[in-house]
Structure formats: C-alpha cells, structure tokens
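Colleague: Put chain B on the given structure of chain A with help from the hints.
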Amino acid sequence: MKKLKPNTQVPLTNGQTAKVKSLLGEGGQGAVYQVAIDGKDYAMKIYTKKPKKNFVDNLEENIRKGSPTPHFLWMKWMVKTPTLIGYVMDLRPKDYVDFSKFLMAKARFSSWSAMTNAALQITYAFRELHRKGLSYQDLNDGNFFFNPKTGDVLICDNDNVAPADTNLGIKGKCRYMAPEVVMGKSNPNNLSDYFSLSVVLFMLFFNNHPFDGKRVSSVPCMNDAIEREVYGINPIFICSPTDDRNRPVRGVHQNVINRWSLFPKFFQDAFVKAFSNDLIHDKNKRMSDNEWVGIISQLRSQTIQHTCGYETFIDLAAPKATCFNCGKEVTMPLTLKIGSHRTILYPQMKIYANQVSSSADMFQEVGEVVVNKNNPNVWGVSNRSKDSWRVTLPNGQKLDVPQGKGFPIYKDVQIEFSAGKIGKIE
Amino acid sequence: MNPLEAVEIARRQMTLFFLVDTSGSMSGSKIGAVNTAIREVLPTISEISEENADAAIKIACMSFATDVNWLFAPTDVEGMTWNDLVAGGTTALGAAMKELNRKLSRSEFMNSPTGNFAPVLFLMSDGQPTDEFQKGLAELQENKWFNVAIRVAIAIGDDADKEVLAQFTGNSELVLTAHTPEALKAMIRFVSVTSSKIGSRSSGVGVGGNAGEESKQAEFAEQVQEFKEENADLDALTDGF
Chain A
1 MKKLKPNTQV
11 PLTNGQTAKV
21 KSLLGEGGQG
31 AVYQVAIDGK
41 DYAMKIYTKK
51 PKKNFVDNLE
61 ENIRKGSPTP
71 HFLWMKWMVK
81 TPTLIGYVMD
91 LRPKDYVDFS
101 KFLMAKARFS
111 SWSAMTNAAL
121 QITYAFRELH
131 RKGLSYQDLN
141 DGNFFFNPKT
151 GDVLICDNDN
161 VAPADTNLGI
171 KGKCRYMAPE
181 VVMGKSNPNN
191 LSDYFSLSVV
201 LFMLFFNNHP
211 FDGKRVSSVP
221 CMNDAIEREV
231 YGINPIFICS
241 PTDDRNRPVR
251 GVHQNVINRW
261 SLFPKFFQDA
271 FVKAFSNDLI
281 HDKNKRMSDN
291 EWVGIISQLR
301 SQTIQHTCGY
311 ETFIDLAAPK
321 ATCFNCGKEV
331 TMPLTLKIGS
341 HRTILYPQMK
351 IYANQVSSSA
361 DMFQEVGEVV
371 VNKNNPNVWG
381 VSNRSKDSWR
391 VTLPNGQKLD
401 VPQGKGFPIY
411 KDVQIEFSAG
421 KIGKIE
Chain B
1 MNPLEAVEIA
11 RRQMTLFFLV
21 DTSGSMSGSK
31 IGAVNTAIRE
41 VLPTISEISE
51 ENADAAIKIA
61 CMSFATDVNW
71 LFAPTDVEGM
81 TWNDLVAGGT
91 TALGAAMKEL
101 NRKLSRSEFM
111 NSPTGNFAPV
121 LFLMSDGQPT
131 DEFQKGLAEL
141 QENKWFNVAI
151 RVAIAIGDDA
161 DKEVLAQFTG
171 NSELVLTAHT
181 PEALKAMIRF
191 VSVTSSKIGS
201 RSSGVGVGGN
211 AGEESKQAEF
221 AEQVQEFKEE
231 NADLDALTDG
241 F
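Here the protein sequences come in this chain order: A and B. Residue numbering for the first sequence is 1 to 426, as defined by our numbering. Residue numbering for the second sequence is 1 to 241, as defined by our numbering.
Any given hint could be a false lead.
In silico lysine-lysine, DSS-like type, Cα no more than 27 Å apart, as pairs [claimed, not checked]: (1) B:Lys-197 with A:Lys-94; (2) B:Lys-197 with A:Lys-49; (3) A:Lys-49 with A:Lys-76; (4) A:Lys-373 with A:Lys-398; (5) A:Lys-3 with B:Lys-228; (6) A:Lys-273 with A:Lys-185; (7) A:Lys-19 with A:Lys-76; (8) B:Lys-228 with A:Lys-49; (9) A:Lys-2 with B:Lys-228.
Just so you know, these hints were derived from the structure itself, not from any lab. Note that the structure is a prediction, hence the values are computed from the model and not measured.
With the rest of the complex left out, here is chain A (with noise of 0.2 Å):
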C-alpha cells in the first residue's frame, strides 16, 4: 500500500476529518502518520494489508469500551473507508523514551524510584485490563515507554488487546511468550500475559532476559527452533537457586551480575518463583498481576533516599542495613505495619491513599516521614491526606491528626487510619 501523502484528507467514521502532516515511522502491520483533526495534532495508524472483519470489529469494540486506564495509548476514532482502515490516538509525548533505548543503555532512569514507578504503573494498568476481561496478548518490550525523570508509563500497540480466550492471529514474540502458547497448545490469553509481564518486569529491573545466560550466549547461531527451546519450550532461569546451567557470563550479562545482590530477598525470592519450572509450565499457578502490585509496592516501601544522595534498598530480613552507595551501615529503622504491608519510616518515605484509605489509588501520596525542625533526631510522619488519624502512643495518650499536623515516630505507636485500616509501628 503506498504511503498517504501530506494534506491527503482522511474521514473518520464519527464525522470528523483527519489531515495527514507527515509519516511519523512504519512498523510490519502498518504505517503511522501525524494528523491534525480539528486543530489539534493526533497520530493515525493506517493498516498496510486489509485486517480481518473479527480483527477491524475488535478494534471497534475496543475504543467503544475505552482504555482500561490513563497509561494505555489507546485508539480514539476508527478510519474505514473502502481503501483504509485503521484509528486515531493522542500522539506520544516527547518525554517518553522507549524501552529498547534503556535496555541499549542509550537512556536510564534517574533512580530506583523511577525504575520502580514504572514497574507499579505497568502492573497496575495490566491489572486494570484484566480485570475489565481483556488480555493483551502481545506483551514485549516493544510495547513500553518511559519517561527516564518520573517512571510514567505509556503502552503502545494496543491493536491486540481483546476478550482473554478471544484470538485475533497474533503469538507474540518468542522470548516473551508462554510456553504453552510457544508450543501451539493454547492462544495468548491472561494466563500467557502474567509470564510475559513478568519477563518484562525483570528486563526492566535487571536489564537482562531472565532466561539468557551462558546457556544462550554459547548457542553459536540461533535459529526460531533454539528460540522456541530455550526461551519457550525449557527456559532456565539464570539466578535458579537449584539449576546454573544457565548462569550469567561475567562481561555479557554484566547488570544483571552487578544488580541481583542489591535487592532485597524477597525480591528477589520473587522472580525466582516466577520462574521455577512450575510456574513457567503450570499457567494456572502463574503470579497474577495483582500479585506484583503488592511485591512493587513493597519494594517502594523499602527504598531510602540515604543522607549520601542516592537510594538504597534496605533489606527487612537481613541482620543489618547497608547503603550500597556509600557503604555506610544503615541504623535499621523502625518499619509502619498496615496489613502485610510495611513502609520503613525513613525521612521522605511516603505513605499511599490505598494504604490508609478506601482508595484504591497506589500512586497519591497521602502522607510522609518528615525530620523534626528543631531536632533532627526526631522523626514523625505528617498527614498529607483529608482524614484524620487516631494515634495511640505508647503511653496510652490518644492524638487526633488531621489534615497538616504529624505524629511522632516511635515504637509500638498505633494508628487508626479511615476505612478500618490499622497501623502499628515496630
């Protein structure tokens, strides 16, 4: 199919017309251009070959439905005339960098904390979709941008997305595609996403593929039947407790040598469950995403920013804490407990509304460990939210603590949040 020229003329089906500026870039499926509807600039994808009527009809229910949520670049208005067919959607913002450029290390993000809002945002908008009865079928990193300053997340090529169980041709991509799918035995489904997020979760995380070791790299030359065998059929993972047949190689797989003692064990106990050959082949025992939602957020619990000026992760259940910056040992703080979850109370730590409240929003921060003005001994936690906390202190003292005001950080302070959340400081 040629390519639209500038100022061609395309309808839309909702009776708005979109005005081709310029072909932003080309992919196998189609092309996509710059449009300007009504004064404002869109990008319009144009399918190269003629989709299916199940596929274009998909499409249709899809923007019908709307995106699960804001992370989703997600198609606005279809395009179908006799000889194109295709959709609108916002154009990608110019701080938004894609994850192959981490990967090739051309980009990176400006802390774990970024790394780690990225990670939370792509788990909680997967979740999202599933939980609308959607499965995204086509998880790679091919998929993901990230803005290297916060962590936001925007997920591209959402053509696939469709009812779980409802296929609409694509297999995905061998390296981040489920065994049971690689294998013909089923189509992409949400059982097949939860092994390819969590692929992508441990690419983002270790700039590494869990399943490329020395195993891989002493393959001489890879051809799709290797592929399928050592990314699909028999992964090893490379940090297996029980199997090092498939090890990293000191100055080929080197982030991931130089990251995976940095975390925390539970973290890391994580992935190694994700990728015990179990859940590798037994679909029905895959993490779910709601399952990484509370490992991330965990793991966001327990980054410090350290008085050195960067972040270190402080492990709960090791003897001591030490910043793997500087190296300086970390006075073990005391930790919030709230349900199974614990927020270490370190200066800038925040607190989340999903924590303390019935939201269920993870990302607004409600509340934050603050250093006392006058002595810097002292910390507290400040209450950012519109509820007021009923704090016990240890004596038995009862505090309200309303919007703006604090209370004092020490043990065996309780603190009675809204929606019957409890917190108990250890």
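Modeller: Just chain B now, kept in the frame of chain A:
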C-alpha cells in the same frame, strides 16, 4: 560503577557480508553506484540495529578482483563510515569463496561472545569468474554458516554470469539483475534493508511447529519476488551500464 547505570543488554550479533566484485570492468558507473548505495543505506541499517534490543547488526566487506581482500571484519554498523571501493583487475570469485569459507567460523568472524544469528551473504558481480569457481564454491558449500545464511546476489549488467550467482545463492530467484546505476542502487538498498530486518529479528511464535532457518530464508525470498514484481520497470529509468 553506579548500578543504576547499566551496560548495554547482551545482544546477539547479525553480520551482513558485502561481497563485491571490484574487477576492472566494474570501474566507473558500476562501482560508483555500489559505493553510493552502500554509503546511503548504512544509516538505515544503523537505525534498524539501534531499535533492536535483541540483535546488533555488524557489517563486513570483502572485495575480490585479482586478489581477495577484507576491507574490514564484522564491525558495528552504528556510527560506521564507508570508504569507497576501487576497481581494477580480474575476477577471483573462486578465491573469494575459499576465503569466505575460512572466515565463516567460530574462531574467525563468527566469534561473538553473545552468539550469532545466521549471517546475510550479499554477492555483487558484473562478470565471469576468472579462476576456479566451482572448486571454491564446493568448499564453501560444506560450511554450516554458509548453509544457514540468507544468500542473495545482484548480477550487474548483462555480462554477469547469472548461473554462477544462482549456484552461490542456491536459488535463481535470489539473483537480481541490474542494468542501470539507478536499478543497482535501488536493489542494493532493498536487499540490505530487508535482509537486515529479517536476519536480526527474534523469532515470532507463529503457529507452532514450522521452525528453522527456512522461515527466514523463505520470507526473504518472498520479499525479493515482490520487489522484482513491483519494480519490473526499474531498468527503464536511466541509461544502462
């Protein structure tokens, strides 16, 4: 090193080999078109490599005339500059085959610590071999890398021996013929870009079962057919060689 600063993720290597006839008859517009075409296509291949977190594309170039010469071993396409090939001499295609066989080995050019994808072997010639081609080819045909490679050739002008080129590619459909500089440039561009994209691509899942290099070679062959059909009138554009 701050662990937040990563090194590049381990990428498998995919090498595109330019194998260029630089015999005397290539001088003038033929070698001029080759040089221009390669120089202009390198940035595009660089982009393909830069956007691919699975594979890093490298370029190697061999010229053959009276002697065989490697202009450079597999080198990162990203940031590469092209030095013009110069023509003069006879056509030692047989020796070129032998030399290629020697270098297509894990201890020579295929020595990447991250492993390789099958290479692309892109042969361009305008004439007849002046040495023992069959002997050289026979040796090369025993080479495993040669057999899994995406092989393609351009016959430059009517004096080129298309039969010989088809023996190299193993398939007469993978021999393109250029009669004009414009056609030659367009074909070099198309072959370089398409083979790089296909060669450096990690496998899609597809419908389980049909695996192996045939799929990449077959896909490339299909694209070549489409190109030939869509560009049947390419040679009519300008004056011939």
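Colleague: Which hints from the list above does the structure break, by number from lowest to highest?
Modeller: Those not satisfied: there are none.
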